[in-house]
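Chains as they are written, first to last, in our numbering: chain A, 1 to 190; chain B, 191 to 581.
Think of the hints as simulated: they come from the structure by calculation, not from any bench. Don't take each hint at face value.
[Claimed, not checked] With a cut-off of at most 30 Å between alpha-carbon atoms, the simulated DSS-like pairs for lysine-lysine come out as follows: (1) K69(A) - K478(B); (2) K193(B) - K69(A); (3) K172(A) - K193(B); (4) K31(A) - K436(B); (5) K167(A) - K193(B); (6) K554(B) - K69(A); (7) K69(A) - K568(B); (8) K92(A) - K69(A); (9) K433(B) - K31(A); (10) K474(B) - K69(A).
[To be verified] Simulated restraints, written as ranges between beta carbons of each label pair: (11) T49(A) - K474(B): 39 to 45 Å; (12) K125(A) - R563(B): 54 to 60 Å; (13) F576(B) - K69(A): 19 to 25 Å; (14) E449(B) - K69(A): 32 to 38 Å; (15) E241(B) - E67(A): 37 to 43 Å; (16) E67(A) - F576(B): 18 to 24 Å; (17) V85(A) - E578(B): 29 to 35 Å; (18) K125(A) - L573(B): 45 to 51 Å; (19) E162(A) - A233(B): 18 to 24 Å; (20) K69(A) - E241(B): 41 to 47 Å; (21) S513(B) - E168(A): 54 to 60 Å; (22) L573(B) - E60(A): 29 to 35 Å; (23) G543(B) - E168(A): 41 to 47 Å.
Beta carbons: idealized from backbone N, C-alpha and C, even for Gly.
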Amino acid sequence: MADILKEVRFHGRGGQGAVTAADLLAIAGFKDGYHTLSFPMFGAEKRGTPVVSYFRISDEPIVIRDEVKRPDYVVVMDPSLIDVVDVLSGLKEDGMLIANYPTGSEDLKKKLNTEKKVYTINATKMATELLGRPITNTAMVGALVGATNLVSMESVESAIIEFFESKEIAEKNVELVRKAYEYMKEVCGW
Amino acid sequence: MIKVVRGFYAIAEAVRLSRPNVIAAYPITPQTEIVENLAEMYANGELGDAEYVTAESEFGAASMILGASAAGARAFTATSSQGLLLMTEVLYNAAGMRLPIVLVVANRAVSAPLSIWNDIQDSISIRDAGIIQLYVESNQEAHDMIPLAFKVAENKDVLLPFMICVDGFKLTHAYEPVDLLDQETVDKFLPPYNPVVKLDVNNPVAMGCYAPPPYYMEFRAAMEFAMDRARDVMLKEFEEWYKLTKRNWGGHVVADYCEDAEIVVVTMGSIVSLIRGVINQMRKDGMKVGLLKIRTYRPFPSDEVRDALKNADKVIVIDRALSIGAEPPLSADVKSAVLGNDLEFHSVIAGLGGRDVPRELVEKIIRDVAEGRAKPGKRFEGLNEFEEVIP
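Extracted from the complex, chain B is given alone in its bound form:
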C-alpha cells in the first residue's frame, strides 16, 4: 500500500514486519525517530513478543543486541555518527562472533566540529569491521532492504552483521510516498531465524573466546571468506526480492549508460538520484556520460566496477567521506578495482557535514572533466575559501 510517510517510519515499519525479537537503542539525531517509532509500536503491542530496551548509551545498546543475537534472537538497532563510533568496539566483536545483527545507520558527519548534518564518514569509518554495508538511494530502497538484510545476515554461508546506510535527514526526514510491505509478503520472504549455534544452558558453548596465535588468523580469514560468499547470497536475494515485489533494485552496482560512456561518475547514497537526473539531461544534450551507483560497499563489488568502467576514458568518484592523509575511501576502492586500466581518475570530495550538493555543482564537476579544465587527482568541490585556524 502506497502511503505518504517520513523516511524513519518506512524503516521502522520494515523492521516491525521482519519480526525482530530484541531491539535495543539509544537516541541520536537523525536516527532517533526510527527507534522512537519502534518504541511506540512496542508500547502499542504491535511488535509481537519482541523486547524493546532503551539503553544507557550506544555502547550498551550494541552490547545488548550482541548478547541477544548470541542467545539466538533476531536483533536490531539503529544509530548515527558518534553513536556508531561508540558502538564500534562492540560491533567488531559482533562481526568476529559471526552474529547476524542488522543495524541502520542514519548517516551523519562525525565530530569535531560538531555537526548533526549528513555525510557518510560514520559508516565508512567501520568499513573494515566485517560488516556488510549497503547504501540506499531512497526510502523505498531502505524499506525493502531491511527484510533482505536479515535474510542475508542469517544465511549459514554468511553469518555477519548487516548495516543499511541511509542518508540522515535527506532520507530519514523526507516525507514522501512509499509502497509499504505487508506481513504476508515479508513472511513469505523471510523465515524465522534459526541460529546455527547459540548460547544455551543445556548445550553450553563459548563465543568470542580467546584465540592465541595458532588460531586467531583462521577466525579472521573465515570472516573474509564469509564476506566473499555474501556476494552471491546477496545477488540471489536481490533476485528473489524482485520476483516477490516486482521492485528491481539491481545488483551490487547499477550502471547507467556505462557501455559507451567516455566519462563515468561513481558514487553511492541518496546523491545518486540527483546525479542521475543531471546525467540524463547531459545524455539528451549528446554528452557521453555514464553513472555507476554503488549499492554494496562491503563486500566491495570489484568485478562489477571493473566491468562497468572497462570502456570509460575518465572516471569521477564522488566521495562524501575522507580518509585523511590518503585517497578518499570510495575512490581508493574504485582505483584498486580498475588497477591497470588506462584511466584519467578524478577523486572528488563533496557534501561533507550537510554541505548542499546542488545540480549546478554536479554539472560543473562533470563539465570541468569533460572539457579538460580539471586536473586529475584529489580535490574538494563546493569548498568555501577559508583561512586555516586551529579552533
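For reference, chain A alone in the conformation it holds in the complex:
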C-alpha cells in the first residue's frame, strides 16, 4: 500500500492523456483517504510532443510543489518515447518502470541497459481494441495500480466514472483499466 509519500512521473505524448492519468490517481487516492497532488510539467505542449505529468500521494497534506526528481515509479505511455526521452532519469534504485511497450520487458530492459524493475504492457493494442483509439492513459493507470497497489482499483473505477462526462466512454475506460490491472497483476505475480 501507499507509503508516507510516493511520487510518480508520467511520460506521454500531447493528446494521450498523461495529465488525465495523474488526475485520475489524484481523485482515486483522495477517495482512499490519502492526500494527493497531480500537476503537469508546465509548458506550451502541443499534440504529439513529449509531455510529462506528476503525481504525489501521502498520509499528510502535500506542500511540496517542485518537480518530481526522484520518482518511485515512472509510467511511459507511448513506446516511441523510449528513444527520445531519458525515461529512467532519477528513478529510485528500488523504483519501477511501467511502460506501454509491445515487445516485452526483457527486450525493454536490454534496450535501456538497466537492472531496475521494468514491466511492460501492450496498452496501445488494448486501448485500440476497447476504445477504438490508441489513447493509453486509463490502461496505464490500470497497469500502474496492478504493479504497485498504489491506490485501490475500486477508487480508480469510481474516479473514471466521475471524470468522464459520457457514460459510454466512462464504462469502456473502466473495462480497459480493469483489463490492464489484471494483466499487470499477473505479470508481477501478485
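Dock chain B against chain A, hints included.
Just chain B now, with coordinates in the frame of chain A:
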C-alpha cells in the same frame, strides 16, 4: 465540501460565490482557465445576473471593469504577465479613482525573453499603484481570500483595488483537494456591494477628473492613508474568516520559530510550503532556523516584519523578482523594516522564469549562510554558468 479540483477552478468557484456583477477578461496563460471556468458558469446560467465580457485585450478588460465598478458593480478580472503590464495604465486609474475591483494575477514571468513560466515579476511591477497585494501559498488560501478581497476592497475606510497573487502553474494547474465554500457561508461573510459613490444619471458625479497642483497631492496622500487603514481592516477580516470557516491563515505575516531563530528565511507565495518543510527538518536536526511568510505585500507589514526579525542574527530574503539595478523588491522592503538592526543580510534571487527551486537548493542556501560560506549581499541561486550575449 472537499473536492479534488484544479487551482483555477477553486479560484473561479470562489469568484462565483462572491456574486460578481461584471467580469471582463482576456485570455493569457496560465490565467486563461480561471476565466474559462467563469465563462462556462456564465454560459450555464450559474453566475446570477452577472455580465461576462470577453474583451479585445487586457487593456479593454481592465477598462470595462473600471467602468463597471464606477457604475457601482462588483467587478472581477484575472490576468498574468504581459496581460497585467497592458492593464497597468488602467489599474493605476482604478486605484486613483478608489474603485474596489478584485483581480487575480496568475503569476508569470515577463518578456523578454518570452516565458510562460512562473515568477512574480508581473505583480511586483505594479506594487506602487495603490493596489492591495496578497500572495497565497496554496489553492485553499486562494479560494478563501477571494470573498475576503471583495470585502476589504469595498470597505468604506479602504476603497482600493485588491490583487490576489497566485503562482502560475504551480498553483493554478495543480490538481488537489480543496475545501470548497458554499453560498450560505460566503453570503454570511460578504454583504452585497453598497458603493459610497457611483456613476448615476440622476445624481451626476465626475470620477478620476482633472486635479491641478493645488489638489493632486491630497488625492494621492489619501490613497496612502487608505492603504494604511487597510492594515487593520484586513486583520479584522482575517479574524472573521477564521471564526466563520475555522481556517486560520494568520495575519499579514506568518512567523514559524522566529522567537529563537538565529537565521530567518523570508519569502512569499507557493514556495513558502517547500521552505517550511526544509526548516521543519532542520529544526529537528537542531538548527536554529525560522521562517517568515509574507502574505500581505501591500500594505507592507513593516511592524510585523521588524517584530519577527528582532531576535535574528542573519536574514535570508528569497526574491522571485528583480528590481534591476537595485536591491530585489522584497529584500528592499524587509531591509527598510529592520533599519538599524544589526543583521547579516542575504538577498537571494531564485526561481525566475519557472526555474525549479528544489529542496536541495533551499537546504544549500540556508546551510551556506549558517556555516558562513555565503558572503552577505545580493546573489543569484540556481543560476547556470553562462556567457553573456546580446540576443
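Hints versus structure:
1. K69(A) - K478(B): holds (28 Å)
2. K193(B) - K69(A): holds (27 Å)
3. K172(A) - K193(B): holds (25 Å)
4. K31(A) - K436(B): holds (23 Å)
5. K167(A) - K193(B): Within the cut-off at roughly 21 Å; holds.
6. K554(B) - K69(A): holds (17 Å)
7. K69(A) - K568(B): holds (28 Å)
8. K92(A) - K69(A): holds (10 Å)
9. K433(B) - K31(A): holds (28 Å)
10. K474(B) - K69(A): holds (24 Å)
11. T49(A) - K474(B): 39 to 45 Å: holds (42 Å)
12. K125(A) - R563(B): 54 to 60 Å: Holds, at about 56 Å.
13. F576(B) - K69(A): 19 to 25 Å: Once the Cβ atoms are compared, 22 Å apart, the range 19 to 25 Å for K69(A) and F576(B) holds.
14. E449(B) - K69(A): 32 to 38 Å: holds (34 Å)
15. E241(B) - E67(A): 37 to 43 Å: holds (40 Å)
16. E67(A) - F576(B): 18 to 24 Å: The hinted range 18 to 24 Å holds for E67(A) and F576(B), with Cβ atoms some 21 Å apart.
17. V85(A) - E578(B): 29 to 35 Å: Distance hint for V85(A), E578(B) holds at roughly 31 Å.
18. K125(A) - L573(B): 45 to 51 Å: At roughly 47 Å between Cβ atoms, L573(B) and K125(A) fall inside 45 to 51 Å, so the hint holds.
19. E162(A) - A233(B): 18 to 24 Å: holds (22 Å)
20. K69(A) - E241(B): 41 to 47 Å: Holds: the Cβ-Cβ distance is about 46 Å, inside 41 to 47 Å.
21. S513(B) - E168(A): 54 to 60 Å: holds (56 Å)
22. L573(B) - E60(A): 29 to 35 Å: holds (32 Å)
23. G543(B) - E168(A): 41 to 47 Å: holds (43 Å)
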